[in-house]
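Protein chains in written order, with my numbering: chain C, 1 to 529; chain F, 1 to 354; chain S, 1 to 228.
Calculated directly from the structure, the hints in this document are not laboratory data.
One or more hints might be untrue.
[Claimed, not checked] Computed spacing ranges between beta-carbons, pair by pair:
1. S:A159 <-> C:G315: 50 to 60 Å
2. S:G37 <-> F:L168: 44 to 54 Å
3. F:E64 <-> S:A159: 52 to 62 Å
4. C:P215 <-> F:I197: 26 to 36 Å
5. S:A159 <-> F:Q244: 17 to 27 Å
6. F:Q244 <-> S:M123: 21 to 31 Å
7. S:R6 <-> C:D120: 46 to 56 Å
8. C:E357 <-> F:G92: 42 to 52 Å
9. C:A68 <-> S:R6: 33 to 43 Å
10. S:W147 <-> C:E357: 48 to 58 Å
11. S:G100 <-> F:I117: 33 to 43 Å
12. F:I197 <-> C:G327: 28 to 38 Å
[Claimed, not checked] No more than 30 Å apart at the CA atoms, straight line, and that leaves these computed lysine-lysine pairs for BS3-like:
13. F:K190 <-> C:K187
14. C:K388 <-> S:K154
15. F:K190 <-> C:K29
16. C:K183 <-> F:K190
Just so it is clear, CB atoms sit at the ideal spot from N, CA and C, and this is done for glycine as well.
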Amino acid sequence: MRVALYGILFASLVFIFTGCGPKPEAAPKAFVFARGADAQKLDPADVDDGESVNTMAQVFEGLMAFRAGSLEVEPRLAESYSISADGLRYTFKLRSGVVFHDGTPLNADTARFTFDRQMDPDHPAHFPEASFQYWQNLFADIERVETVDDRTLRFHLSSPNVGLLATFAAFPSWLVSPGGFDKYGDKMAFHPVGTGPYRFIDWRPNEAVILERNPHYWREPAAGFERLVLRSIPLNTSRLSELVAGNIHGLDGIQPSELEDLAEDPRFEIHKGAGLNVGYLAFCELHERMRDPDLRKAISMAIDRENLVDLALNGYGSVAEYPAPEGMLGVPDDAGPIRYNPEAAKALVQANPQWLEKPIELATFGQPRMYFPDPQRIASLIRSDLEKIGLKVEIVNREFKSHLHISRRGEAEMVLLGWVGDTADPDNFLTTFFHSKSAVVGSALNVSFYRNPEMDALLEKGLTISDRSEREAVYGRILDLWARDLPLIPLVQGDQITVMDKRVRGYVLSPSGNHYFGPAFWKAEAADE
Amino acid sequence: MEADEQQAGSGSRFQTLGLLGRELRRFILIFFIASFGIFLALESMPEDPISLRVKNPDPERIAEIRESLGLNDPWYQRYVRGMGDFVQLDWGESLISGRSVRSEVGRFLPATLELAIPGILIGASLGIAVVLLAHATGWRWLLQPVRGFSAMGLTVPIFWIGLILILLFSVWLGWFPVGGRFDFAHVAPKGSGFLIIDSILQADVEALWISLRHLVLPVMTLSLYPAAVVAGTLEARLNQSSIQRLVTALEARGFSPLRIWGRHVLRLVSGPVVTVIGTQAGALLGGAVLTETVYSWPGMGRFIVDGVLHRDLYVIQHGLLLIVVLALFVVTLSDLWARRLDYQLKTREGEGAA
Amino acid sequence: MAQDFREQALEGPSFSHWLGVDGLGRDFASRLWQGAGNTVMLAGTGMVITMLLASLLVSLEQTGPDWCARFIRMVIGLWVALPVIFIGLLLLVFLKPSPGALVLAIGFGNLAFCFRQLRVLWMTVRGALYVRSSEVLGSRGWRLFQWAIWPNLKPDLLALGRLLFAMSALELSGLAFLGLIGDPDFPELGSILKQNQAYLYQAPMLVIIPGAFLSFLLLSVHLSRFHK
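Build the full structure now, drawing on both the sequences and the hints.
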């Protein structure tokens, strides 16, 4: 008996060792994509992490959508839309013949479910634990939703908002099937039901989310892959090895320095583009010491940001000169107001010995983001820069979630964080960073807790103006205010890099960093057709 | 467990039952000590786990959730309820992911066991096989590496071995996947959560093949430590003079080396080896955490480490307690088994003498 | 803080940097040296904590009342089943990840093992013939310990210390590798390895060397046991 067992064991080992020949070249049925973390929840109203959004982007669709490869919006589940002259009424005409994955037909009633549950705190699908944070930030101006007829939905605003149309394409307003809520209740975040090109099959936490082609997709052609697997592989190096070994067909969050080797490999295609993001260092003004403008200035002069781009981003990115990406409305294309000047910084430190009483706390985190491929490296480099001018720094490293939590409560003196734009409007960055309404302890996105009525007024004004050059002037003044007060230092703007198997066609990078696999397909299949 | 507690002399069924009863009482008492320890640790947690859960810090809402979870009750009520929940397998929901902790454990525990059980079995058999082979064949040169090997188990970090194996077999040779448990391009078999068992039951050869390939490197990494410890213990035992005398006597009777070493000696040393394996089960679980990290294995180790780092109340409370109970259970079981082996041996020897 | 050589990041060994420069532009040899120093220091502290606590417990168990002795044995029975990593995790539920917390974790983690070894040692020596006869000859208390027990206990204690040190260092670097040491930049062999894992492809030596160095260090401590 024992002998037999060992025999089987030995035979299977031999089997394993010998059976590892090269893989067949035919295009596989499943497309496997790997990223650095698993999704958190698959409920568009209740997430804020890129991995969840990138999963939902295959399953859900909004009334509007970003045109492939750009941040221009076009109608998607809406057939057409109109905005009243005063900018206070948005009317959407819904597409007919669209069905959610569970068979629920799309009409004005099923469409408004998504908006009702976020607006109305007494709605049964307004879960007490969910944040609905984006609603508060993006849709604060929406007063009520009206069903005009079976195919028409109208939104009434309290004040005009230039950026609102784009937010109908952003993930918090992707349409969720009310049937999914009826079936799964408060577990609907684990069973996403949308209208998208792929439908949900299975979710194995920390391993993979498994999707399959939606055969009843309303649009032609249907999804390109029979099966779409989104794996989570935390280590950057493991992800890359799996790709090279041919076990996965695409990945993001690559260590940029490894691109050089990969670029020579004929099996892969590297999609690279400027990212719509800013990685920054925020000074939390809830702490006495950080309220000193001289300290903030000294730190801004001490950090060698070119060096961050070289060593932490390996050159795949650029120095962020302004708190909103270059090229956005009102953001100048120049060297910015911050200069690297360690001598001047050192002089400031020497004049202010009270800064040295205890080490300054610098909070960072572990998981790669588009703006910081390795946030711990950024922290280490900043520390050694600040030590050169005589400051003492203590790095506190946390998991990303705890880090966000600590930052939003303003518990650390300096915080490393970043923002990936949801829309191409500068307001998406600047209101997030500087408006006092986003400086609420606990849910702050303005993690500097910068409060300035003048800034608030300018930010609000910027949203109501529709004239381009007038708006540009307003954002110019906002940036001047920022340069004067320096509540945060923009550090880097990371490139977005996705590596794909060469046989995959139709995939386009989106400036917002989200992956839309709907239009992608295997090249081999295309040849058959 | 302790040497001086060992029952000597002839044993009856009565005594075995008494022994079992005593072990059971001990087990229950220790369970309460352990659960209370975890409870105390959670009580002294500096952060409020609920405010971690709610992104919107409305004090009213936080108070509401605290009330609904019963976190405002006096500590003894919470402790008793916590124990009740644990025993009834009602483990609540993770504060971070919102998933039921029980279903999470149901996913992650089989993954860890699928790694740990082959790890310990292969490791122990390897250790035993090498040492016995060296002795039985008289190939003394085999022993030199064994000594080096058992020293290695105590001096080489397991995560480093894991990385080296990845570098060697996955990156340079490309024989095995770098990490993970399954290739989800293929449909994973469902059922018990043990992929090997499920794929055998469903006669899915390809799934079996995929799972085995993913298992090779992590199991190899994990098995080195038990192999080293077992080899070390065994080698020390075999050098005892009583065993040496026995071997000489058996050789004098003309028994073949295979029979001497494979049957008589193996039986003689199996008790201590089982004890060693049992007490190392805890260390093995510790090693499993590191192995899981290196190979991105979706197991209990990462689940609990993440739970602690995220201050995920119910994951810590029930997940950590479950691991402790499991480790205790294995130690107790191996202890009982080792005693049984010893006892059988003694009675047989007694019969032989009579 | 080490000097920076940022232009030379990830360059291989050279005359001025004989193990090369790491990814953040620091001389790898000096970082390794610092790391080894910290590993030895922290593991040593952990070992001392373990030894002291275990001695305290053994003396309590030997001299204290019966219920106390039984309670200690029971808790130790539980303790021995718990891997150090879980004890570390239990401590980190209420402590911030830091080198100090890890030292406590290994200090407490090896307690059960050390207690058992110490107890066996103590009982062997205490029951030995020469100690008994010395007692008969009238030695008591401290004198008995100093003249009869300690000289016989010492070599075994040293051996136990060496073993504990090796265990502590391995466990410490394991915990640091899991990222439980707090500061990701803290020079400790395990956390250096974790940090350099990002360069596994470009500079595998940055991963291979710290582990090999730790193994070598511990192996030499371990082997020194045979030449006592």
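Hint by hint, here is what the structure shows:
no. : hint                          : result
1   : S:A159 <-> C:G315: 50 to 60 Å : holds (54 Å)
2   : S:G37 <-> F:L168: 44 to 54 Å  : violated (30 Å)
3   : F:E64 <-> S:A159: 52 to 62 Å  : holds (59 Å)
4   : C:P215 <-> F:I197: 26 to 36 Å : holds (33 Å)
5   : S:A159 <-> F:Q244: 17 to 27 Å : holds (24 Å)
6   : F:Q244 <-> S:M123: 21 to 31 Å : holds (26 Å)
7   : S:R6 <-> C:D120: 46 to 56 Å   : holds (55 Å)
8   : C:E357 <-> F:G92: 42 to 52 Å  : holds (44 Å)
9   : C:A68 <-> S:R6: 33 to 43 Å    : holds (40 Å)
10  : S:W147 <-> C:E357: 48 to 58 Å : holds (54 Å)
11  : S:G100 <-> F:I117: 33 to 43 Å : holds (36 Å)
12  : F:I197 <-> C:G327: 28 to 38 Å : violated (56 Å)
13  : F:K190 <-> C:K187             : holds (21 Å)
14  : C:K388 <-> S:K154             : violated (49 Å)
15  : F:K190 <-> C:K29              : holds (20 Å)
16  : C:K183 <-> F:K190             : holds (22 Å)
Going through the hint list in order, the structure does not satisfy hints 2, 12 and 14.
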